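Undergrad: Going line by line, the protein sequences match chains Y and G.
Note that this note's numbering gives residue 182 to position 164 of the first sequence, counting from 1, and the numbers run on in steps of one.
Note that this note's numbering gives residue 301 to position 283 of the second sequence, counting from 1, and the numbers run on in steps of one.
Don't take each hint at face value.
[As the list claims (entries may be wrong)] Have a look at the derived ranges for each label pair, beta carbon to beta carbon:
1) Y/Lys410 / G/Leu290: 52 to 58 angstroms
2) G/Ile149 / Y/Ser332: 34 to 40 angstroms
3) Y/Ala503 / G/Ile341: 56 to 62 angstroms
4) Y/Ala275 / G/Thr24: 45 to 51 angstroms
5) Y/Leu390 / G/Thr268: 55 to 61 angstroms
6) Y/Arg224 / G/Ile341: 46 to 52 angstroms
7) G/Ile341 / Y/Lys199: 42 to 48 angstroms
8) G/Leu290 / Y/Glu334: 57 to 63 angstroms
9) G/Phe148 / Y/Asp198: 21 to 27 angstroms
10) G/Gly153 / Y/Ser332: 49 to 55 angstroms
11) G/Leu143 / Y/Lys384: 29 to 35 angstroms
12) Y/Gln151 / G/Leu217: 40 to 46 angstroms
13) Y/Asp138 / G/Tyr31: 33 to 39 angstroms
[Said to hold, decoys possible] DSSO-like, lysine-lysine: derived pairs with alpha carbons at most 27 angstroms apart:
14) Y/Lys295 / Y/Lys230
15) Y/Lys363 / G/Lys191
16) G/Lys29 / Y/Lys343
17) Y/Lys384 / G/Lys239
18) G/Lys189 / Y/Lys363
19) G/Lys239 / Y/Lys345
20) G/Lys29 / Y/Lys511
21) G/Lys142 / Y/Lys395
22) Y/Lys303 / Y/Lys511
23) Y/Lys363 / Y/Lys340
None of these hints come from the bench; they were simulated from the model.
This one's a predicted model, so the numbers in the text were calculated from it and none came from an experiment.
Note that beta-carbon positions come from the ideal geometry of N, C-alpha and C, so glycine has one too.
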Amino acid sequence: MSDTNKVFQDILQMKDIDVMFPGVHALNRCSFTLRNGEIHALVGENGAGKSTLMKVLTGIYTDYEGEIIFNNQTVRFNSVKDAQLKGISIVHQELNLLNHLTVAQNIFIGRESEGFFLNDKIINEKTNELIGQFRINIKPTDKISSLSVGKLQMVEIARAMSYPNTKILILDEPTAALSDKETVELFEKIRELKAKGIAVIFISHRMAELKKIADRITVLRDGEYVGTAEAGSCEIPNIIRMMVGRTILQEPKTASAVLPDAPVVLEARNLVSPVIKDVSFQLRKGEILGFAGLVGAGRTEVMRLIFCADPKASGEVLINGKPVKMKLPQDAVSNGIGYLSEDRKRFGLMLRLSLLDNVILGSIDKLISRGLIRGKKSQEVVNHYISELKIKTPSLRQLVQFLSGGNQQKVVVAKWLLMDTDILIFDEPTRGIDVGAKSEIYDLMNTLAAEGKSIIMISSELSEILRMSDRIIVMSEGRKSGELAISEASQEKIMELATQFIGEAH
Amino acid sequence: MNQPSTIEKVKSYLLGPGLQKVIALSALVVLYVFFGIFGANFFSRDTLVSIFDSSYYTGFIAIGLTFVIITSGIDLSVGTVTVGSALIGGVAYNIWGWPIGLCLILVVLVGILFGFFNGLLIGKLGLPPFIATLGTQFMSLGICSVVAQVQTMRYPNIMDDDGWFKTVFFKTKTGFPMGALWLTLFAVLAIVLLNHTKLGRYTFAIGCNEEAVRLSGIHTKNWKILIYTLSGFFAGLSGIIYAATYSAITPQTGNGLEMYAIAACVIGGTSLSGGVGSLVGTMIGVLVINVLKNGLMSMSLPVQWQQFFIGVVVVAAVLLDIIRVKNAGKVKR
């Protein structure tokens, strides 16, 4: 390293890292360089190898070829603890905290005390110091279960920083579950860490925020290194092009094709629940109705009320102009409503069953004769949807857990199409789906709407709302704060409505 | 889509989801041969019949349990319900003087009733299956003994008036094992039920992700009630076979039978975390346990060694399953 380059001294070099899984070349001579005290974004489609590369770096995968140079020394970590003690810590996307323990007990888990007996006082003091450094508004004795997602993220970061040697902090999609306000706070803390000389590796799918926080951006594709760019001077479309190897146009819709007098298929009147305050709206035939708002604004909760997944305190739902009494999800289904949850794995799929079993789950009655499920007929039906929705799978017996996020989403769509529901509620339809598969899901939704299905789409990505919706409803703090025709909508207007009631007393 | 050849399909099945069955079957063969060589007089028709004889009632309750365990539930009451229902039937026969046919129907009804009760506790009231069925285990043990006034109840022996009962449900006069016939018949019916009907499909689905099933518009609560009732039904059938096998039913017994059945399910590859399982595997598991029992007896080892080795086999089976799942995860990332 020459003296002129001192400012940009590399703290970490990963050279020609090669990882083979049986049947998959996960990393193909992949390289990555991290400078001292920089915030470095790592991007790529799902399956590009970001997580694998980080797992090599943090000692989770020990079976790899290639060289890691950390602090000018060749290193090979043999466990997570080894990496942590030498100065590399990771905060995983799925937070790993123990709900029934306190903040301090979580931060010092595995390092409680020197002797046999516990001393909560010492770890509480140490935790207080850490919390003080980060100016987080919590107490060491708070139970984890009482904290918001944003706070939990801070606890995780505090835990990572509680290792005295920490030089590199890896954050894997830290903002995925955060509201915009929490994201801003998180970014402040990250910049503070940077000022202290900590190098941060930041994995995210959200392009816009990368430009705000990162110094440099490295792109991976199919397990290979594609390139590194200065965040300040690069353009987002260029980054996306590097990620997918092609350009994707994201043009907002300008006018709605749905006539203003199209029949109303679904109407919600004065819905109320503990978190929802008097929400009413109409959905017209063939329309895509966007639900915008910040995370936690109550959009999912409204849809769960309509779908009867949760009980409502009061309010009325009308289908095709007639009030209907619905108590259970099966009532909603028989009235033609389908709900595609934001959390596919928890609420939408049976991961350990086959694609076929997942698709036919709700429609077995149609495939039965004399009490037995017709195998041939089921296969025909499912094959039809595989080709119709372009689901990529080796066979219809493939377990759903081995499909990619985009294809899993298509399996859920196929399930609801087979159940013949006319009203489809898509809750964050492209969450966790890579850029290429996103546009396929968009095309699919447009086709469905054109065929006469009526769609409600909840999305936290403004570009997605503006690209897909015919009409937009904005929610804030459990209330409907506004309604916009697509022709008059803009990012600014939506954000204004989305933050309308924030800070008001409840 | 390119279609894989039949050989490839069979190969991928045997190394994937079918592996546990292959291993269980090999274990069965290995054990059988082992005891044939080292045990006294093991390769004989008598021993074979004796292996079957001790398999029937475990077999019946293991069928019902397989359904329950696939839903990621458990039914700890099947052992005491087996004996309890046989006891009530015996009361009807010995004390109330009912005709034997009616008594047998009562045995099955008692089983169904306890199963339905479990179903209500778990499906309707949301009790954890372990707790609900543990409660039912004690309740059935107690109430059935009370009804029987803690007296041993006798079923007709082969020379008695209603001796046909024994020849139909246990063994013909020529020594043909009728119990095996009934078990096979019901196992085949249950296999069709599990693999080709709505009930079976929902059983797997609920075990994988109950909330996803509910949100697909399926009344999961009612299906769970039905599945526990089915388990009770099989415990009732087991009660009939138990009565036919032993003729004398002692009150306050039967707890512990369910443990052999659970072990059989696990050996056959049914996962206690739900969503995975097969009845063919369970039947192999039942045979493994009973070959082990009879084999150790033929080596004239004390009876406690049976328990020890059944434990070893259960732990080994689960360990193999864990390794298999781990490897499957590795291949596909």
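Undergrad: Does each hint fit the structure? Answer for all of them.
TA: Hints, one by one, checked against the model:
{"no.": "1", "hint": "Y/Lys410 / G/Leu290: 52 to 58 angstroms", "verdict": "violated, 33 angstroms"}
{"no.": "2", "hint": "G/Ile149 / Y/Ser332: 34 to 40 angstroms", "verdict": "holds, 35 angstroms"}
{"no.": "3", "hint": "Y/Ala503 / G/Ile341: 56 to 62 angstroms", "verdict": "holds, 59 angstroms"}
{"no.": "4", "hint": "Y/Ala275 / G/Thr24: 45 to 51 angstroms", "verdict": "holds, 50 angstroms"}
{"no.": "5", "hint": "Y/Leu390 / G/Thr268: 55 to 61 angstroms", "verdict": "violated, 42 angstroms"}
{"no.": "6", "hint": "Y/Arg224 / G/Ile341: 46 to 52 angstroms", "verdict": "violated, 39 angstroms"}
{"no.": "7", "hint": "G/Ile341 / Y/Lys199: 42 to 48 angstroms", "verdict": "holds, 47 angstroms"}
{"no.": "8", "hint": "G/Leu290 / Y/Glu334: 57 to 63 angstroms", "verdict": "violated, 45 angstroms"}
{"no.": "9", "hint": "G/Phe148 / Y/Asp198: 21 to 27 angstroms", "verdict": "violated, 44 angstroms"}
{"no.": "10", "hint": "G/Gly153 / Y/Ser332: 49 to 55 angstroms", "verdict": "violated, 38 angstroms"}
{"no.": "11", "hint": "G/Leu143 / Y/Lys384: 29 to 35 angstroms", "verdict": "holds, 33 angstroms"}
{"no.": "12", "hint": "Y/Gln151 / G/Leu217: 40 to 46 angstroms", "verdict": "violated, 58 angstroms"}
{"no.": "13", "hint": "Y/Asp138 / G/Tyr31: 33 to 39 angstroms", "verdict": "violated, 53 angstroms"}
{"no.": "14", "hint": "Y/Lys295 / Y/Lys230", "verdict": "violated, 34 angstroms"}
{"no.": "15", "hint": "Y/Lys363 / G/Lys191", "verdict": "violated, 57 angstroms"}
{"no.": "16", "hint": "G/Lys29 / Y/Lys343", "verdict": "violated, 52 angstroms"}
{"no.": "17", "hint": "Y/Lys384 / G/Lys239", "verdict": "holds, 22 angstroms"}
{"no.": "18", "hint": "G/Lys189 / Y/Lys363", "verdict": "violated, 51 angstroms"}
{"no.": "19", "hint": "G/Lys239 / Y/Lys345", "verdict": "holds, 14 angstroms"}
{"no.": "20", "hint": "G/Lys29 / Y/Lys511", "verdict": "violated, 59 angstroms"}
{"no.": "21", "hint": "G/Lys142 / Y/Lys395", "verdict": "violated, 34 angstroms"}
{"no.": "22", "hint": "Y/Lys303 / Y/Lys511", "verdict": "holds, 26 angstroms"}
{"no.": "23", "hint": "Y/Lys363 / Y/Lys340", "verdict": "violated, 34 angstroms"}
The structure fails hints 1, 5, 6, 8, 9, 10, 12, 13, 14, 15, 16, 18, 20, 21, 23 (numbered hints given earlier, in ascending order).
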